[in-house]
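Asks: Got chain A sorted already, so can you dock chain B with the ligands onto it with the hints?
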Amino acid sequence: MMTASTTTAGHQAPPTAPPTGAGDRAHLRVSGIHKHFGGVHALRGVDFEVARGEVMALVGDNGAGKSTLMKVLAGAHVADAGTFHLDGQQVHVGGPKDAAALGIQIVYQDLALCENLDVAANLSLGAEPVRPGFGFLPRLLRPIDDLRMEVKAKRAIDQLQVRTLKSVRAQVGGLSGGQRQAIAIARAVGADSSVVMLDEPTAALGVAQTRQVLNVVKRLRETGHAVIYISHNMRDIFEVSDRICVLRHGANVATWRTQDTTPDEIVVAMTRGLEKEVGRAG
Amino acid sequence: MQDSAFLGMSDRLRILRQSRFGAFAPVLFALAAIWGYFGLALPLWDYLTTPEAQNLRLIFLSPRNIYNLFMQSAVIATLAVGITVVLLLGDIDLSAAATAGVCAALLGVLVLAGLPGWAACVIVIAVGAVMGAAQGMLIAYVGIPSFVVTLAGLLGFQGLMQKILPTGNLNIDDPFLRGISRILVPDMLGLAIAALIVAGMIALSLRRQHRRREAGLEQDSPIAVWGQIAMVATLLFGAVLTLNAYRSVPLLILLLVAITAALGWVTTSTPFGRSIFAVGGNAESARRVGMNVRRIRVAAFAIVGIMAAVGGIFGASRYGSVSYTAFAGGSLLLESIGAAVIGGTSLFGGRGSVWNAILGALVIGSLGNGLDLSGASAADKLMFSGAILLLAVALDAVSRPAGQGR
Ligand SMILES: Nc1ncnc2c1ncn2[C@@H]1O[C@H](COP(=O)(O)OP(=O)(O)O)[C@@H](O)[C@H]1O
Ligand SMILES: [Mg+2]
Chain A
6 MMTASTTTAG HQAPPTAPPT GAGDRAHLRV SGIHKHFGGV HALRGVDFEV
56 ARGEVMALVG DNGAGKSTLM KVLAGAHVAD AGTFHLDGQQ VHVGGPKDAA
106 ALGIQIVYQD LALCENLDVA ANLSLGAEPV RPGFGFLPRL LRPIDDLRME
156 VKAKRAIDQL QVRTLKSVRA QVGGLSGGQR QAIAIARAVG ADSSVVMLDE
206 PTAALGVAQT RQVLNVVKRL RETGHAVIYI SHNMRDIFEV SDRICVLRHG
256 ANVATWRTQD TTPDEIVVAM TRGLEKEVGR AG
Chain B
457 MQDSAFLGMS DRLRILRQSR FGAFAPVLFA LAAIWGYFGL ALPLWDYLTT
507 PEAQNLRLIF LSPRNIYNLF MQSAVIATLA VGITVVLLLG DIDLSAAATA
557 GVCAALLGVL VLAGLPGWAA CVIVIAVGAV MGAAQGMLIA YVGIPSFVVT
607 LAGLLGFQGL MQKILPTGNL NIDDPFLRGI SRILVPDMLG LAIAALIVAG
657 MIALSLRRQH RRREAGLEQD SPIAVWGQIA MVATLLFGAV LTLNAYRSVP
707 LLILLLVAIT AALGWVTTST PFGRSIFAVG GNAESARRVG MNVRRIRVAA
757 FAIVGIMAAV GGIFGASRYG SVSYTAFAGG SLLLESIGAA VIGGTSLFGG
807 RGSVWNAILG ALVIGSLGNG LDLSGASAAD KLMFSGAILL LAVALDAVSR
857 PAGQGR
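Chains A and B supply the protein sequences, listed in that same order. Residues in the first sequence are numbered from 6 upward in steps of one, following this note's numbering. Residues in the second sequence are numbered from 457 upward in steps of one, following this note's numbering.
Any given hint might turn out to be false.
[What the hints assert, rightly or not] Estimated spans, in silico, between C-beta atoms of each pair:
(1) Ile-658/B / Thr-88/A: 57 to 67 Å
(2) Val-96/A / Ala-590/B: 32 to 42 Å
(3) Arg-144/A / Leu-697/B: 39 to 49 Å
(4) Tyr-503/B / Phe-139/A: 55 to 65 Å
(5) Leu-662/B / Gly-138/A: 13 to 23 Å
[Stated by the list, open to error] Anything over 12 Å on all C-beta distances counts as not near chain A; from chain B, calculated:
(6) Leu-498
(7) Val-583
(8) Thr-623
(9) Ile-636
(10) Arg-668
Note that these hints are calculated values from the structure, not bench results. The structure displayed is predicted, hence computed values, not measured ones. C-beta atoms are modelled at their ideal positions from N, C-alpha and C, and glycine is treated no differently.
For reference, chain A alone in the conformation it holds in the complex (with noise of 0.2 Å):
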């Protein structure tokens, strides 16, 4: 354990050790978290952090539990067991709502968008704004006021760049995938959100695409948003990310600080966990 010790920071598992990165001021932090899918143990007790103006870039291989530790931040799955603290208050997040009501936001592997819907229908999905006036009617049958709807996400799309895109009333299923992603992005920034988590972003971009992607992690980093990134590319994390945090089987193997360490180091974490690599330093 020495040297695992020694060049790691933040959490380690056995998750008993203090945190010596971020931990102190970490805004986001959850811990112990269990997830059954009926047999499949896809969560064993992970332990979990992120600061705010930090990117915190989460790896392992297909299957190790990274989306599923998304969508339990996201309150998308409900955590058998595990504890979440937000800026050191404990919070409980038992459906979406509740991590959006906290400025938790996801940007979903599969982007999760309504192809059927325009752009702004999709950054105002479950939020639409109503008219006022209308407060004899229940909230769900009331006007959407459309106009609103649209200059939140002129607004949403402008602060990314996003130059391809026309019109915010353009339907989703006619876009491109960058445009698409991009889409995705902004309705998890538009919503006042402090803990932004992107879910393999750029899988399915090409070289332009990705480099777009990669300035608007730099950008949320700059606007003090937590920002956690899961990606396969040890190219785009090292060049975006301020920690890496390796989940292996569904568990913690380390979380490092990026200037420490190595791509070499990260994909032998990743593939074979550190045991080896201590049984081999000890």
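Replies: Just chain B with the ligands now, kept in the frame of chain A:
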């Protein structure tokens, strides 16, 4: 001939149907083709080929026939409007006609027992809502596919209707109920309402454009805005003037339009309606943004139940009787689903409009009416309806945006 015209335009239709009001184009085109064929082409052919014919007889396009056509299509349209709502979710309701039958039968029994007509209507609409919501719960909470639940509903409600109406037939004399289809809106009032609707549309569009300009948003193209208003105005005044030329606008038609307008507004302009489209487009993404997908499903099925009950009331009023074959046992179900789909509502969910269902019902009604007038057999009618339905679904499949489904 009609077919090749359709196929040649399929590319343009795909683009059209994705625009906001372009979804009307195919069904309007189908309607125009059918009316042109039965109303003009066929009489002209008869006139030219039969030497003894004295003059051109335009029976199909006579105000009297159009009036009957509207009344015949009204029950189909009512059910189709309801079915559209569940089709938007990507579900289907096979039990709508049987629900309408049960509600109509119950209505007959209640007024026979001495209940006032309006009270019977309220009860029957509540029963329809419960019947729909119960099926919706089985679909949403138990997770049985809507096809299976409503197929069971179809069978069960057919039986239930026979239980309520052991003789299979019941006359309705209640003046309130008969009034729904007998009362006519005075000619001038009908025109005034049409004018008011058009004026309202113009005012809303102008205000909207003004607000868009103030908010610094892109303007709608004037051609689209005024084209849409001109289209609605033409359809509206055309319908009112034609109905006035024979009798007047029946109250039943006015009610149908009012209900459809309300439902159209709910589905396109409220968070609830938006959630229906979202669930139909991508149920998982709707769930992830925190929409209560199950409750939305139950509500949608309750709406079909309500519309089925209203259809039952309309039918009972128009026929002056309730019979098994007119509702549960007849072709009403397939005609209403056909009307919704011909109207351009996608069977794959997420695309469509309740207004289109009314146009779709007119297509189905016109086809039946025209074939009747030209002396076609019941067999011809069935085969024609099948072909039109297939064409509509093919159009739906072809005009789906690339990458969706498949
Ligand atoms: N909805 C689900 N139902 C059942 N099993 C799931 C579900 N989501 C994920 N899993 C399982 O959980 C494990 C982790 O999956 P995931 O989080 O998607 O991995 P990653 O994103 O790291 O590739 C896998 O074994 C996967 O099969
Ligand atoms: Mg994944």
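Asks: Cβ-Cβ distance between Leu-662/B and Gly-138/A: within 13 to 23 Å?
Replies: Once the Cβ atoms are compared, 20 Å apart, the range 13 to 23 Å for Gly-138/A and Leu-662/B holds.
Asks: Could you tell me whether the CB distance from Ile-658/B to Thr-88/A stays inside 57 to 67 Å?
Replies: Since the Cβ atoms of Ile-658/B and Thr-88/A sit about 59 Å apart, the hinted range of 57 to 67 Å holds.
Asks: Once the closest CB in chain A is found, is it more than 12 Å from Thr-623/B?
Replies: holds (42 Å)
Asks: Do the Cβ positions of Tyr-503/B and Phe-139/A conform to the proposed distance bound of 55 to 65 Å?
Replies: holds (57 Å)
Asks: Between the beta carbons of Arg-144/A and Leu-697/B, is the distance compatible with 39 to 49 Å?
Replies: The hint (39 to 49 Å, Cβ to Cβ) holds, given that Arg-144/A and Leu-697/B are roughly 41 Å apart.
Asks: For Arg-668/B, is the shortest CB-to-CB distance to chain A above 12 Å, so the non-interface label stands?
Replies: For Arg-668/B, whose nearest Cβ neighbour in chain A is about 7 Å away, the distance does not exceed 12 Å, so it is violated.
Asks: Does the no-contact call for Val-583/B survive, Cβ to all of chain A over 12 Å?
Replies: Label holds. Min Cβ-Cβ 23 Å, cutoff 12 Å.
Asks: Taking 12 Å as the cut and beta carbons as the points, is Leu-498/B off the interface with chain A?
Replies: holds (39 Å)
Asks: Does the hinted range 32 to 42 Å hold for Val-96/A and Ala-590/B at CB?
Replies: holds (38 Å)
Asks: Examine each Cβ of chain A, and state whether all of them lie more than 12 Å from the Cβ of Ile-636/B.
Replies: Fine: 26 Å to the nearest Cβ keeps Ile-636/B off the interface.
Hint violations for this structure: number 10 only, all remaining hints satisfied.
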